[in-house]
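Trainee: All chains, please: the whole structure from these sequences, using the hints.
2 protein chains.
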Amino acid sequence: MQVTKIVNGVDLDRLVATITAVNADPALAHFQFRTGTQWLDGGHSRTTIKEFFGVGQEDTARTAAFVVDTDEPPVLLGHDAAPNAGEYLLHALAACLTGSIVYHAAARGIVLDGLECTLEGDIDLRGFLGLDDDVRPGFQNIRATIRASGAFDDAQLAELGELTRYSPIRDVVSNPVPVAIDVIRA
Amino acid sequence: MQVTKIVNGVDLDRLVATITAVNADPALAHFQFRTGTQWLDGGHSRTTIKEFFGVGQEDTARTAAFVVDTDEPPVLLGHDAAPNAGEYLLHALAACLTGSIVYHAAARGIVLDGLECTLEGDIDLRGFLGLDDDVRPGFQNIRATIRASGAFDDAQLAELGELTRYSPIRDVVSNPVPVAIDVIRA
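Protein sequence lines correspond, in order, to chains A and B.
By the working numbering, the letter at position 134 of the first sequence is numbered 134, and the numbering carries on one by one without gaps.
By the working numbering, the letter at position 168 of the second sequence is numbered 168, and the numbering carries on one by one without gaps.
Errors might be hidden in some of the hints.
All copies of an identical chain are treated as equivalent in the list; a pair is satisfied when it fits inside any one copy or across any two copies.
[Said to hold, decoys possible] Derived pair list, reagent style DMTMM-like, types lysine to aspartate or glutamate, alpha-carbon separation capped at 25 Å:
{"#": "1", "residue 1": "K50", "residue 2": "D69"}
{"#": "2", "residue 1": "K50", "residue 2": "D182"}
{"#": "3", "residue 1": "K50", "residue 2": "D134"}
{"#": "4", "residue 1": "K5", "residue 2": "D182"}
In case anyone wonders, no lab produced these hints; they're calculated from the structure.
Mentor: Now the structure itself:
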């Protein structure tokens, strides 16, 4: 009889197997994610997401690409066909905070019934427009409110907040990442 | 007769009007973007994107919310229902680099025929898994290749690369943003 131990929708046996494999061979921990974005018109572009590298090989499980559009709302001279890049940044951070809590809570046996993550981020458009060199183009600050429900005590509730330290996108937003940009003729 | 000056799909008269308005009243430059993310199961969550504040008021133009799912591929214990948070981060950066070049090129009269932006980002999973405190959870580095076509000279091609300094998400990824996180009981 096979017993599968699933907590918060996470297969703990597979999680432990992943950790064991990575501990035995750290090279397996190297992941490379990739996106391809095509400009359509004005603020409207389209990103295709499919291939990635991880656990020592190119992924072969994904059979179709994900397609994600970006646009700007009318007040930012777009046609509102899709969220804008700032909203996608908040989305990426929120999804990552959520997933990081869920996985690490599972590993600690903290069972969640629900998790909601609300984000707000403030931007001063003068940075993007180049009107004031003292104003950064990006978010000046971001606030996340995470509402969790489940049969956990107050100490475990506090622990859930600590688990966000493992979030890759929290790290990317909070700390510098080197970005190399090459612009070439097509 | 009304003459509309559109370059790269960007309405230049409206762009100039926006810059003029923000210069006259910098408070109009304050934007706040927001997302709401609900955990579904395991690595699967769903983000709703609708309301934002900008140009001195709550937006009323968006009549429906955008809904964006996140999941993990099987090798990261998900069901591959959607891109993961790392891929969305790259997508947000690529869309922002693209849009920033397009808008600022339009303002400078550089006409683009096409723009494609390919991104790669490297992550060492030991950071997320908490296996090595010396390994950051987030991307260790990101490389962007932008292929541009149009009737511009080599000096203008180089200028396109410089325009990415106005990209809000390039700033967010390259420089620290304060992130406040509250975890509360639902």
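Trainee: For each hint, tell me whether it holds in the structure or not.
Mentor: Checked hints:
no.	hint	in the structure
1	K50 / D69	both (15 Å within a copy, 15 Å between copies)
2	K50 / D182	within (22 Å within a copy, 33 Å between copies)
3	K50 / D134	neither (39 Å within a copy, 30 Å between copies)
4	K5 / D182	neither (47 Å within a copy, 30 Å between copies)
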